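Let the hints inform the model, and build the full structure from the sequences given.
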Amino acid sequence: MAKAELARRAGVSESTIDRIEAGNDCRMETKRKILFALGLTIQESGKLFPRHNGATRQRAGGE
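Residue numbering for the sequence shown follows my numbering, starting at 217 and increasing by one per position.
Just so you know, these hints were derived from the structure itself, not from any lab. All values reported here derive from a predicted model rather than from experimental measurement. Be aware that a few hints might be false.
[Claimed, not checked] Restricting the straight-line Cα-Cα distance to at most 16 Å, the calculated cross-link-like pairs of lysine to aspartate or glutamate (EDC-like) are: (1) LYS263 to ASP241; (2) LYS247 to GLU230; (3) LYS249 to GLU230; (4) LYS219 to ASP234; (5) LYS219 to GLU237; (6) LYS247 to GLU260; (7) LYS247 to GLU237; (8) LYS263 to GLU237; (9) LYS249 to GLU221; (10) LYS219 to GLU230; (11) LYS249 to GLU260; (12) LYS247 to ASP234.
Structural data, given as structure tokens:
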């Protein structure tokens, strides 16, 4: 799926997708939207959003 299509289906901006791909954190609601747009469940979130052993990342703003 193209980035633009994922952003459209999830209801977030392409720049939000870019920030997440770059390793920045995002809100749980944004994660949920992206997971559902990809047909995944919250339980499968580790496939897309791995935990970073206590490392904090900069939060993606906007969405």
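Check the hint pairing LYS219 with GLU237 against an upper bound of 16 Å on the C-alpha distance.
holds (10 Å)
Between LYS219 and GLU230, does the CA-CA distance stay at or below 16 Å?
Roughly 7 Å between the alpha carbons, so the hint for LYS219 and GLU230 holds.
Agreement of LYS247 and ASP234 with the hint, judged by alpha carbon distance not exceeding 16 Å
holds (13 Å)
Checking one constraint from the list: CA of LYS247 to CA of GLU260, max 16 Å. Satisfied?
Status holds; Cα separation ~11 Å.
Checking one constraint from the list: CA of LYS219 to CA of ASP234, max 16 Å. Satisfied?
Holds, because 9 Å separates the two Cα atoms, which is no more than 16 Å.
Given pair status - GLU230, LYS247, alpha carbons within 16 Å
holds (14 Å)
Given the hint that LYS249 pairs with GLU230, test it: the Cα-Cα distance must not exceed 16 Å.
holds (13 Å)
Take a quick look at whether LYS263 and GLU237 sit within 16 Å of each other, Cα to Cα.
holds (13 Å)
Hint consistency between LYS263 and ASP241 [alpha-carbon to alpha-carbon, up to 16 Å]:
Measuring from Cα to Cα gives roughly 15 Å; hence the hint holds.
For a C-alpha distance cap of 16 Å, please report whether LYS247 and GLU237 respect it.
Cα-Cα ~12 Å, so holds.
Quick one, are LYS249 and GLU221 close enough, alpha carbons at most 16 Å?
holds (13 Å)
Within a Cα-Cα threshold of 16 Å, do LYS249 and GLU260 meet the stated pairing?
Since the Cα atoms of LYS249 and GLU260 sit roughly 13 Å apart, the hinted pair holds (cutoff 16 Å).
When held up to the earlier numbered hints, the structure conflicts with none and fits them all.
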